[in-house]
Amino acid sequence: MTNGTLVYQHDEEIEAWIDDATWILTSSFIIFTMQSGFGLLESGMSSKKNEVNIMIKNVVDVVFGTLTYWAVGYGLTFGTGEGANWFTGVGSFFLDPDEETMGTEFSKFIFQASFCTTATTIVSGAIAERTKLTAYIAFCLLNTVVYSFPAHWVWSKDGWLKKMDVVDVAGVGPVHLVGGVTALVAAIMVKPRYGRFSDDQVTIHGNSVNAVLGLFILWWGWLGFNCGSTFGISGGKWKIAARSAATTILSSCSGGVMAFLLSFLLHKRKFDVQLLVNGILGSLVSITGICAVTTTWAAILIGAVGACVTTFGQIALVKMKVDDPVGAVAVHLMGSLWGILCCGLFGLKDDIEHSFSHHDGLVWGGGFYLLGVQTMAAVAIIIWSVVTSFIVLKLIDLTIGLRLTLEEELYGADYCEHNVELPPDVKEYAESVLRR
Amino acid sequence: MTNGTLVYQHDEEIEAWIDDATWILTSSFIIFTMQSGFGLLESGMSSKKNEVNIMIKNVVDVVFGTLTYWAVGYGLTFGTGEGANWFTGVGSFFLDPDEETMGTEFSKFIFQASFCTTATTIVSGAIAERTKLTAYIAFCLLNTVVYSFPAHWVWSKDGWLKKMDVVDVAGVGPVHLVGGVTALVAAIMVKPRYGRFSDDQVTIHGNSVNAVLGLFILWWGWLGFNCGSTFGISGGKWKIAARSAATTILSSCSGGVMAFLLSFLLHKRKFDVQLLVNGILGSLVSITGICAVTTTWAAILIGAVGACVTTFGQIALVKMKVDDPVGAVAVHLMGSLWGILCCGLFGLKDDIEHSFSHHDGLVWGGGFYLLGVQTMAAVAIIIWSVVTSFIVLKLIDLTIGLRLTLEEELYGADYCEHNVELPPDVKEYAESVLRR
Amino acid sequence: MTNGTLVYQHDEEIEAWIDDATWILTSSFIIFTMQSGFGLLESGMSSKKNEVNIMIKNVVDVVFGTLTYWAVGYGLTFGTGEGANWFTGVGSFFLDPDEETMGTEFSKFIFQASFCTTATTIVSGAIAERTKLTAYIAFCLLNTVVYSFPAHWVWSKDGWLKKMDVVDVAGVGPVHLVGGVTALVAAIMVKPRYGRFSDDQVTIHGNSVNAVLGLFILWWGWLGFNCGSTFGISGGKWKIAARSAATTILSSCSGGVMAFLLSFLLHKRKFDVQLLVNGILGSLVSITGICAVTTTWAAILIGAVGACVTTFGQIALVKMKVDDPVGAVAVHLMGSLWGILCCGLFGLKDDIEHSFSHHDGLVWGGGFYLLGVQTMAAVAIIIWSVVTSFIVLKLIDLTIGLRLTLEEELYGADYCEHNVELPPDVKEYAESVLRR
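Chains as they are written, first to last, in the numbering used here: chain A, 16 to 451; chain B, 16 to 451; chain C, 16 to 451.
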């Protein structure tokens, strides 16, 4: 009987891994589509002379980001070799596991690589329409490092924030805060587009159908993101995954209602596409950290506030003359700051898997501990991201140069970098400016 | 040994739920993409001055439809609290289940919410290019109620049609018939677009690439819809899901062959995009109710007839001067009527799970019972939908007003409601009409 | 106890099938999206006057290809009835299995049908912009046969290549080599587009955003393709699926890096969209056969070479005046030739499931046996595809005629075959040519 039980236990464990791997891989595939979502969103919000270039930048994310994540990123995040400590992982570089462990290692790698490339792709939108493609390629290679350390802190069992019981289910910190802060640093360093804040600025009319299609793809990708982050479906994880799906959807819906309301009020009864799209995305960012460990009511509140924070964040950035063509900073930086704090406010102790959260948040009477940890996490990640991304971008600026020439910018990156047909009106406008 | 068996049974049950939840959630995510499919389809079939507006309407579906489904729809459909009866569910409003039941409740909610929003989105196409966005928002909020009652009748264990053994695997009644009837009522109430049936009507040339892309997305979403409707994969359900996939694909293929043939004959050897797309969609609607409980041969017949019914339905509607820009009424109303009857004709008793169908259809010698029940279901759902949707739309018309002004309609909703750039030719045409 | 164990074994087997079926069906659904990926890719690389037509051709693939695969293809590939031998399957025509076997049969059918239609869709790109739609419909009906025999040889337990232990995890032979060779034969037979190789040729500017979106959809579809080809997740298959995901992604990333490099060098520091897209696709084709049974390092090498082979293959084709508007021949024929040989070079013996590969490749000290088998497979498939596709296409040319008239070609298939609006500049150019 003992033997039988043992075998049975073993089978059960294997069965659990099979179920979990299916879940992780399927989720990873769904998350992979987010790159096309970001591409369409950014392309649809940029002027027509740069819409191909921004799609290619999202290809660059996958190509160069995944390779460096395989080479060093995965090891820095999850390596448990000699020298691994609270600050960094070591080992598993150039990942090539044996047949015994490859099932779990590769699933984790694929899933995490999609997170890493998402952190990078956030930046591409904020510096659209004026950044060299070669500079962006260099950035993709280096940004893996910017991402991997915070990911280690939050998700590795050795990470210092993990040891303090920080709550971050699906990467509100390492993905969205890192991405948002880096986007802000980059947008400031690369400076505004020509004429963006002058009196006779040209209004940008992108392809809004593509922008909304991008929103839809990201929306569904987010379900993979947040639900896949239970990292399996075995044991009680399927319950948590179901809750993640519900809170994610509900947060985005209440964010959407708020965005419609804000647009109605701020845009004189008109519904501005960028405001709507970014409001919903902001609410999705806000729920990302807490999705598995909160209630539906809290999700609705979190999403509504997330949309507000994003909307007013965008207005503030324009006032501060930070040029972010697609609103990536507002969505990811503002949304994630609110989202990280929400974990401390509305997070519930995880009594099912005892893994996602070990404390109740402030509103459930858990006191200030969790809120304190979350605040510290936010501060640490911001400082890390500002410093490292500044170094990375400065290095690139001094070598390759970040910015297109004025001529290239006016003709558009599609024509200058990809030989795409130059539209006559773009040519005319560019020449008129260059003659001045 | 008894104990061991008990524990084992219990584990097996949990394992089944884990497998089922994975299936339901994955299917729900796939179904979620249908909103972008509907958006692209409708946008691609509308004139260019309204293509952004219709995408936003599909965002409205998700945002407002999911929230109201969470608040009241789920409870009206599946609530088992005090007062629940053959006509309506009660309880589970503002869904917030405890940790014990949340796995099943949330999975069911996510899956069903995607059904409810689909029923609503069908209508957006039929009233495209002339309806106020604010009116449509109000409609989304209220239409949840129109959907939830038929869904209760057909799928809740208390529902009166369920008790009579009605067959409806994936919502041919509550989703497509409700949606199609509501679309017809709405299209009649909102009246045709300016000049649609006059002698000098302007031909609409939408973005057909987007329309076909929308078809593809819907096609794959339908696989999630029909296969996910086995509501799991455990026991014998995986067999039924596999059959659903096969019948769904085969029905759509034979519908496609028929559509190519009809277009060849009706359009003088040319292949009309709208006819092809809607023919295939019509065959998908037709197979929706019966997919899990019929044979491949029957599926092929059902799809071919479904495409015919849709094509001639559309021709009849134009003759009756009902203006449905995208053909939603023909696809969903005609297709679903045929589909509901098909369950009574070609349905097979479900001997695997004993849940989807309890009688053989007419052609398998099961007699007229099932056909009678299906007919009754169709009649009941039509009456319900006509009455409730008329009330809902009348209410909106009397308060907010359904229709754009002539000026807004001519300039297009993209410009008037979303500040999207006004194309010069649209402006010119609009001004020439307004000068008359 | 014996009984108990028996029951348990049985349950375990059923559980395995449930898990596997979920995997196969989910993968099939993902693969289904590849049709829209191919559609957008081809549409985005064609001139604007043919972009709708090429989308419709991808609809034709699904509609007619799936039906014939159901009618005869599945039986020719996997039929085990009387008369089945090393060369062909017999039986299971017009597939309609009983309830006992339908779970496995339908899952396999759905999965394989998506492979078959992919082999066909490859051809649509190579003959774009000058081929009659009716001819293409006939081709879709007949091409199922061209595909089914090689698929039998490689994947049926009776197949002669299977018996020699050929390695082909996800169809590099039956899908990509068959498709690529057929595309080459078709492109030669249908002859170049008007003016393609003359001095005053018109440069084609398609919709590059759609082309890149198509790449993204294909990329993610490939994950379903390659990972789903483990044909399940039970036992050790989940480990192999995870490896397939990792090698597929890494191969495409190194192919991407190579493509960026090649474009930088060949296009004077510009990044040509078609070169980038096809380089990545070529690397995906290259890894298709070996994905489950190789290392990450080998994957990176395979992808990099795959991108080179594709790029220089395309240049060679242009020099040879073979007109392939989207580069399908270079991607699928060159990529798959390299990929088939890679199995013999870098393939690892499958010690987990003992099914995907029974020999080590040359570089792992396995000697020349496997490389010899792979070479023979390539030669056999090429001969088969050249002969049968030539017969099929010749038959169509003699009856329906393959080619549009010059007038139709100049006005574009969108206008001539689908009544899509004729753009003024297309009309003007066409008339100027016709007046000559």
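Keep in mind that the hints were calculated from the coordinates and are not lab data. Remember, predicted model here, so these are calculated numbers, not experimental data. Keep in mind that a hint or two might mislead.
Identical chains share a label here; the pair holds if one copy fits it or two copies do between them.
To be verified - The calculated lysine to any residue pairs, modelled on SDA-like cross-linking and capped at a C-alpha distance of 25 Å, are:
1. Lys283 with Phe383
2. Lys178 with Ile330
3. Lys336 with Gly210
4. Lys334 with Ser447
5. Lys172 with Trp312
6. Lys177 with Thr95
7. Lys409 with Arg450
8. Lys283 with Gly98
9. Lys336 with Phe109
10. Lys63 with Lys442
11. Lys63 with Tyr426
12. Lys123 with Leu437
Are any of the numbered hints broken by this structure? If so, which, sorted upward? Result: hints 1, 2, 4, 5, 7, 8, 9 and 12 break, sorted rising.
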